[in-house]
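*Asks:* Same order as they appear, the protein sequences are chains A and B. When you line the first sequence up against our numbering, it's residues 1 to 529, in that order. When you line the second sequence up against our numbering, it's residues 1001 to 1315, in that order.
Simulated from the structure, these hints should not be mistaken for laboratory data. None of these values were measured; they are calculated from a predicted model. Just to be clear, a hint being listed does not mean it is correct.
Straight line, CA to CA, 20 Å or less: simulated SDA-like cross-link-like pairs of lysine to any residue [to be verified]: (1) K1275(B) - L1050(B); (2) K1205(B) - Q1278(B); (3) K1180(B) - F100(A); (4) K1033(B) - F207(A); (5) K1062(B) - G193(A); (6) K314(A) - F274(A); (7) K314(A) - D366(A); (8) K1205(B) - G1133(B); (9) K1180(B) - A278(A); (10) K1205(B) - V442(A); (11) K1183(B) - T381(A).
Label pairs and their in silico Cβ distance ranges [to be verified]: (12) A1149(B) - Y208(A): 26 to 32 Å; (13) E1056(B) - A522(A): 57 to 63 Å; (14) F380(A) - R1058(B): 56 to 62 Å.
Backbone N, C-alpha and C define an ideal beta-carbon position, used for all residues, glycine too.
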Amino acid sequence: MGTLDYIWLGILAVFQGPELFSMFGLPISVTIAMVLAGFLTGIMVGATPGLAGPVAMAIALPILISVFGYTPDALLPVMGFLIGVMKGATIGGAVPAILFNTPGTPDAFMTTLDGHPLARAGKAGKALRIAHFSSASGDTFSDIVLIICAPFLAILVERYLDLPEKTALLILSLSFIAAVVGGSPAKGLISTGLGLLAVYVGTGEDFYPRLSMGSTQLAQGFPIATAVLGVLIIGAVLKELDDLWRKKREVGTVAASADQGDQRLHGADIRRLFPYIARSALIGTAIGALPGIGSTLAATLGYTVGRARYQKRKAPQDPAFGEGAPEGIASTEAANSSVSGANLIPVLSLGIPGNAAAVFLILAADSIGGFNPGPSVFRFTADTVNPELVVAFGLFTTMMLANALNWTIGGLFMRSMGVMIRIPKHILLPSVLLLTLAAIYVQETRMEAIWFALVFGVLGYVMRALAISPLPFVIAFILGGNLEATARQAFAATGGDPWFLFTNPLAAVFMAASVAVIVFTARNRKAAA
Amino acid sequence: MKMILRAAAAAAGLAVLATGALAADWTPPGPIKLMIAFRAGGGADTQARLIAEELEARHGWKIIPEQVTGKGGLNAAKAISGENPDGTAIAMIVTETLGYNLRAANAGSPDMVTPLTTTAGSQMAVVALTSAGYKTLADVIAAAKGGTAIRFGVMSPSLADLAYVIGKENGIEFNIVSVKGGKAVMNGLTAGDIDVGFGAGIQAKAVSAGDMVELASVKSEPLANSPDAPMLTEFGVEFYNDTMFMLAGPKGMDPAARAAISAAIQDIVNDPNSKANQFIAKGFGGAVTISGDELDAIIAKAYSDADALMAASAE
Chain A
1 MGTLDYIWLG ILAVFQGPEL FSMFGLPISV TIAMVLAGFL TGIMVGATPG LAGPVAMAIA
61 LPILISVFGY TPDALLPVMG FLIGVMKGAT IGGAVPAILF NTPGTPDAFM TTLDGHPLAR
121 AGKAGKALRI AHFSSASGDT FSDIVLIICA PFLAILVERY LDLPEKTALL ILSLSFIAAV
181 VGGSPAKGLI STGLGLLAVY VGTGEDFYPR LSMGSTQLAQ GFPIATAVLG VLIIGAVLKE
241 LDDLWRKKRE VGTVAASADQ GDQRLHGADI RRLFPYIARS ALIGTAIGAL PGIGSTLAAT
301 LGYTVGRARY QKRKAPQDPA FGEGAPEGIA STEAANSSVS GANLIPVLSL GIPGNAAAVF
361 LILAADSIGG FNPGPSVFRF TADTVNPELV VAFGLFTTMM LANALNWTIG GLFMRSMGVM
421 IRIPKHILLP SVLLLTLAAI YVQETRMEAI WFALVFGVLG YVMRALAISP LPFVIAFILG
481 GNLEATARQA FAATGGDPWF LFTNPLAAVF MAASVAVIVF TARNRKAAA
Chain B
1001 MKMILRAAAA AAGLAVLATG ALAADWTPPG PIKLMIAFRA GGGADTQARL IAEELEARHG
1061 WKIIPEQVTG KGGLNAAKAI SGENPDGTAI AMIVTETLGY NLRAANAGSP DMVTPLTTTA
1121 GSQMAVVALT SAGYKTLADV IAAAKGGTAI RFGVMSPSLA DLAYVIGKEN GIEFNIVSVK
1181 GGKAVMNGLT AGDIDVGFGA GIQAKAVSAG DMVELASVKS EPLANSPDAP MLTEFGVEFY
1241 NDTMFMLAGP KGMDPAARAA ISAAIQDIVN DPNSKANQFI AKGFGGAVTI SGDELDAIIA
1301 KAYSDADALM AASAE
């Protein structure tokens, strides 16, 4: 089994998987249909202000698992759907941003700056085409980087990192995420600490269910879906409902301006936009590869770099950034779209999620079983087939498939999504809440799960109210078990050396970096304030 | 006296017949909850779900599988214990749950559940990568005596004790690394994180491909794939691990339900045409269906043997 054989098996797993129906004598596999369904759902969800990709992924996941079951055959259809949602939501977010000056997803905020002025000037169609082209380019570039880098990184990790270094690397990622996500390193650390505390209830190696205070309900620990969906989705819904209640949003109709003149994207436009797209795609990919830094920062950076270049080169009669410059849309959309592919580099090679979308991919793999994201996936075995590697290449295939859909029908579908803004939030939010709770019950089938999810939802609400990002909580919850197990193993494997994190040079470097990233972020913040 | 014996035999025969008749007639009063003590998607979970699928297909019973994981099956055993004993709740655990794990946790006695039937045994062995160069456990012990630190991967507390005892009896000390599940032992071996480890049968493919080698049998009998591998007794260790997968019902389960469900499950795992049978043959060395008094005796022995192993590993 060479590398090429594995790539081919992965492609076959997608195209020749379980058949859904056949069209013109060609069998259409379930995976292909699921990628398409996920992609279209993603665009719709992204185009709806108040919803985002993670919401759709969270609600869909338990339902899909109950449909497809817990067999390895379920991995590609379910994860293909999630990948479709991830990609669809990225381009969908630009629609309301351009048409109505309301970003559908947070990272589309910078798109409003130039997109909406263009739309008001009667160039909405062109603005949407620019956004789509830039987004699809950035996304595809990022996926190619992922496919090339993830296996190499995984093999390097497997070859050079022993148990103490793996422990230190997990600590470093948690500390990095705590430092860079959200309000301040202190808030990030609080969020991380709460996540670790929650995951350590009822788990551990001892037979006594720790931290369960004698309660049989807590003895099994919190199911991962209740913690993740509770804090991320229910918390967000509660916060939005609160905002809605406080603000009593004005219910006026949003005026859309009529299109005038040529809306097409010409070769000359593409040549002009290309340098901006290329720069932003590089920025987005680099940021995506680091866990925890989301697409919003990528969009901001891409926009800033694009603006600096544009000011030097623009002709005097061209509109400046913020007044309807096509380059502004291109810089933003290419940057925020190129985050998603690269974000899977740490997921697939180390098992460390960097954003909410990655969290749900890990959750899917964890719930279904048969695929454990991490270095062991990329083991190119010679005489036996490594099924996890086939799944990994299958996932890459679904990503490329989603990209192909994006290039072909994505733009068309996206331009028809202007209507989604008309969905009133006072109907949308309770529906999301109900669907989330139903989805949790479908997966856990016990009433405690609902109570846990609601408590985590309140926690998520409180954290948002105090401007503490819930993402470190969720990532700590996911990595906590792994961190404890690896630390215990490293301690045992070194013959009970309590200083195992510091006696090994590479582990010591990781530990020093963990402290440094917190200290420097805190200091920079103080200097900036 | 003879008369009495004969009458007793007749009565016993009648009772057996009656139970058999009851078993044939028995239908569950509602959907059956199947608690699975293993992580979703693993070998044990797949086995349980395949059995459930076949029970539904053959008998029209409605089975609802549910994961109740953690604490070596004790969470599932505790959860099943208090369920309705009318046959609407069963649990998939291992004999080790009611043996060592229950004893070590001091969490009750084996009669907290009603054992139904075993489904499969294990091929428990000490395993290493072929490239490590060890032929049998003796080579590992010799290397350790020569000063090489040996990392020994284990997936349960009783196996951790056993690894310790193997070292103790041979005057060495292993660095015993606990991991979650047999799959993790295999990954640890391949990644070089551990040097040797226990495999319960998951190593079969790698052993037949020549990538891994079984250094010793940890069972009370020789291994199916490596019949020449030495037994632990050859290294002065009097303990072994004959863990089997089994199903159990709540405490004081209705005898008709117990007989009917046990028989239905045995039919499935023994039928070479069933997916469950094929899966067990591939992963766990073939179906093993022990029930009734024999199973009760095995569990009782596993429970009482636990003390001896704990005592030996505490020295």
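*Asks:* Hints broken by the structure, by number, lowest first?
*Replies:* Of the numbered hints given earlier, those the structure breaks are 3, 4, 5, 7, 9, 10, 14, listed in rising order.
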